[in-house]
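Residue numbers (our numbering), protein chains in the order written: chain A, 1 to 442; chain B, 1 to 442.
If you are wondering where the hints come from, they were derived from the structure by calculation, not from laboratory data. Do not rely on the hints blindly, as some may be mistaken.
[Unchecked claim] Here are the simulated distance ranges between beta carbons:
| # | chain 1 | residue 1 | chain 2 | residue 2 | range |
| --- | --- | --- | --- | --- | --- |
| 1 | B | Asp285 | A | His347 | 51 to 57 Å |
| 2 | A | Met238 | B | Val440 | 37 to 43 Å |
| 3 | A | Pro250 | B | Lys63 | 57 to 63 Å |
| 4 | A | His301 | B | Ala354 | 26 to 32 Å |
| 5 | A | His347 | B | Gly98 | 27 to 33 Å |
| 6 | A | Leu61 | B | Gly249 | 43 to 49 Å |
| 7 | A | Leu251 | B | Ala13 | 38 to 44 Å |
| 8 | B | Ala354 | A | Phe282 | 29 to 35 Å |
| 9 | A | Pro250 | B | Val236 | 49 to 55 Å |
| 10 | B | Ala354 | A | Gln339 | 21 to 27 Å |
| 11 | B | Gly98 | A | Met238 | 54 to 60 Å |
Please read all numbers here as calculations on a predicted model, not as lab measurements. We put the CB at the ideal spot given by N, CA and C, even for glycine.
2 protein chains.
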Amino acid sequence: MSLIEMSVAAAAAAIDAGEINAEELVSAYINQINTLDDSIQAWEHFDAEYALTQAREADALRKRGQQTGPLHGIPIGIKDIFDTHDMPTEDGTVIHKGRTPAEDSAAVELLRKSGGIIMGKTVTTEMAVLHPSRTKNPHNPEYSPGGSSSGSAAAVAANMVPLAIGTQTNGSVIRPASYCGVVGYKPTHGFISRHRVLLQSLHFDHVGVFARDITDAALLAEQLIAYDKRDPSMQVRMPPKLLSTIEEGPLVPPKLVFVKTPAWNTHADNDVKEGFTEVVDFLGDSVEELDLTHLLEEVPHWHKTIMEVDIAKNFNREYKQHKDKLSDNLRELIERGRQTLAIEYNHAVDHIAALNTAMDEIMVEYDAMLTPATTGEAPKGFDTTGDPIFCTPWSFCGMPAITLPLMQGSNNMPLGVQLTSAKGDDARLLRTADWLTKKVNS
Amino acid sequence: MSLIEMSVAAAAAAIDAGEINAEELVSAYINQINTLDDSIQAWEHFDAEYALTQAREADALRKRGQQTGPLHGIPIGIKDIFDTHDMPTEDGTVIHKGRTPAEDSAAVELLRKSGGIIMGKTVTTEMAVLHPSRTKNPHNPEYSPGGSSSGSAAAVAANMVPLAIGTQTNGSVIRPASYCGVVGYKPTHGFISRHRVLLQSLHFDHVGVFARDITDAALLAEQLIAYDKRDPSMQVRMPPKLLSTIEEGPLVPPKLVFVKTPAWNTHADNDVKEGFTEVVDFLGDSVEELDLTHLLEEVPHWHKTIMEVDIAKNFNREYKQHKDKLSDNLRELIERGRQTLAIEYNHAVDHIAALNTAMDEIMVEYDAMLTPATTGEAPKGFDTTGDPIFCTPWSFCGMPAITLPLMQGSNNMPLGVQLTSAKGDDARLLRTADWLTKKVNS
Chain A
1 MSLIEMSVAA AAAAIDAGEI NAEELVSAYI NQINTLDDSI QAWEHFDAEY ALTQAREADA
61 LRKRGQQTGP LHGIPIGIKD IFDTHDMPTE DGTVIHKGRT PAEDSAAVEL LRKSGGIIMG
121 KTVTTEMAVL HPSRTKNPHN PEYSPGGSSS GSAAAVAANM VPLAIGTQTN GSVIRPASYC
181 GVVGYKPTHG FISRHRVLLQ SLHFDHVGVF ARDITDAALL AEQLIAYDKR DPSMQVRMPP
241 KLLSTIEEGP LVPPKLVFVK TPAWNTHADN DVKEGFTEVV DFLGDSVEEL DLTHLLEEVP
301 HWHKTIMEVD IAKNFNREYK QHKDKLSDNL RELIERGRQT LAIEYNHAVD HIAALNTAMD
361 EIMVEYDAML TPATTGEAPK GFDTTGDPIF CTPWSFCGMP AITLPLMQGS NNMPLGVQLT
421 SAKGDDARLL RTADWLTKKV NS
Chain B
1 MSLIEMSVAA AAAAIDAGEI NAEELVSAYI NQINTLDDSI QAWEHFDAEY ALTQAREADA
61 LRKRGQQTGP LHGIPIGIKD IFDTHDMPTE DGTVIHKGRT PAEDSAAVEL LRKSGGIIMG
121 KTVTTEMAVL HPSRTKNPHN PEYSPGGSSS GSAAAVAANM VPLAIGTQTN GSVIRPASYC
181 GVVGYKPTHG FISRHRVLLQ SLHFDHVGVF ARDITDAALL AEQLIAYDKR DPSMQVRMPP
241 KLLSTIEEGP LVPPKLVFVK TPAWNTHADN DVKEGFTEVV DFLGDSVEEL DLTHLLEEVP
301 HWHKTIMEVD IAKNFNREYK QHKDKLSDNL RELIERGRQT LAIEYNHAVD HIAALNTAMD
361 EIMVEYDAML TPATTGEAPK GFDTTGDPIF CTPWSFCGMP AITLPLMQGS NNMPLGVQLT
421 SAKGDDARLL RTADWLTKKV NS
């Protein structure tokens, strides 16, 4: 097995045991980036020499017996909207060109503490909204990688890093992970600090992770889930035991609920419809279908109302001072947000808590909800990063979500299977995701 | 001393000792209501026989050794926007005429548990907003009692009850208490549950108390401060030790900060200016003045922006179905709220946390802030309930506030002295208020 094919846990154990060193591991991934990134364009800031310097420091620490954490020597890609004190953070916009923050974002700080090598900054769409980036899908460069965490998903899919972090306000973790054929996991809203991450919406912004399998995703997420009072959406609570719960496995076979959502009829293509019909058939008694149309049909409208207003406020300076440097898409979105009435906004905000109450009650009966991740395979061409509509309800609620690369579409591009659960039930969600993956692959 | 002149603690102790019974105490207050309420009009719902029934039950319990709490047998007035399962709750509007809720509000539930006699429901302005009620000021019936908790303040001032509860969204506890010459105390935002109280604004609605002295107010507030997950603004925390902190007194002489606020120049009349100049002179080295104009000048605008939007949303049904039954004042307020942009609303909301951070830093240096309660004495006539502008910043922040009946104006009407402190610092605020009262009266 080549170094870049090792799981994160195996690679970290091999470094710990002195079987390999961080410099070798990082060099192998650098080689992959040098080979592939001209065509894929996943990296916004990448300095091979600086990555090697970090790796050598990690090796020196280990030799002195000062290992720092479970990610010691593991390279990680960082979406270019997380502040880094030692690399630019340009947020995918010319307006922030050359921006070099003085401090790390909370997430990057935690990754450094865990021993991770900050490999570089991955390409994002314009200010993590919808205007497509230059990144290509590693499975076929004629296809979109999705967005807004385009570079993070593509970098993991192309084996340029084993791990990467991104963000999701609507579908920006789950969608690119689905299109690129990797695991994307967005923990419960408020589990990972967004301190010094480009702010779109306090209501909906989530930090999420990309990995090649569930265990690696869980290992990365465990390093990031920590209370931070600088993020107003966080509460002090026990962190979920993701890895140990996955390892224990379910005591009894999980019960899933299949929810098509109202987008099934309006947005899902045949690949999705056929793929999910097959999965549901295969699962038999383990799954039952529930129609939640009455709860979910207005969600895209409420989400849009809130997101546009929040983005209009949080990108106010960029709009006021640099309107001409914004894409038409983003400028129009901000202008809609600026015109929205407060009474409509607050009406929509009230639905967040109300819908969570309803979802909590429904999810008491089930271990996880099965639902499409995307409307189909990645779009061909680069006019759009694809439709996030199958992610919208769970981003709206702040429910945890994971996409698993279990299917393929008619163009042989990956197609994710999304699982979600009630807020806070992340450990059981990942245990169920692991069970499902093993069942499908067995 | 007549029964109605006894302090609440003394009356409760006398009942506990069997020296008086609840029926006698309640009868004495009923007599006062029967004598005075034709002219004062403090009560919306008052049934003497039902009050006596509760008193006799309290006495029967005592005889069986089953006393219920520190307010056993004490009559309490309830602003007619707190739901009561055994009396109508009509919110000061014909639209809610005959409304009889099935359950008690959380506050009324707590008062019953403490042994209090629910004496009746006190008059409120229309939906607890600004349109004047029929209540008169007990000090002179040609003057306004203030609003919106008009009846609660007037009932305590006229010795019709020793205690009453009300609410404040802008100045509706402090202002009527100042005008009526009683103690009004509004604990920190989120200290008292607003479950089943007419909702105007989650941001600004506070439950507050009226009493004839600080100790009675503290005793009442201690019965009401209890975590209730049904109020989304509450957090689990240790309740403040109000009574014992007052009793201990300050270890060293308190340090006050005198803040005129921007309303001093624009709104305060000569009574206020002369009275406060005198108080500040009298306090000498115990007080220093601070100009917070830069922090406070926009607060009335932000408060108005948020309050109008929140009222527009929360009174939406009344507006949509009964527009013609709303006062012009309230209808116009709602219509402004309906037209406010979300971006302006959210901009204003952001200032709540920002201003609290600034006030927390300032208040580290002081035991309490000294500031006018009202722009002057109660207005003559009934066109207005007076201006709440000296309460607006502390309602905006959710800081605790108390008004003390320490001054008189040129018409021999009462004039309150307001003290406020940082959020959560209620015990020290009341200790300082007690110290100030004793110093002024010594």
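Hints not upheld, ascending by number: 2, 6, 7, 8, 9 and 11
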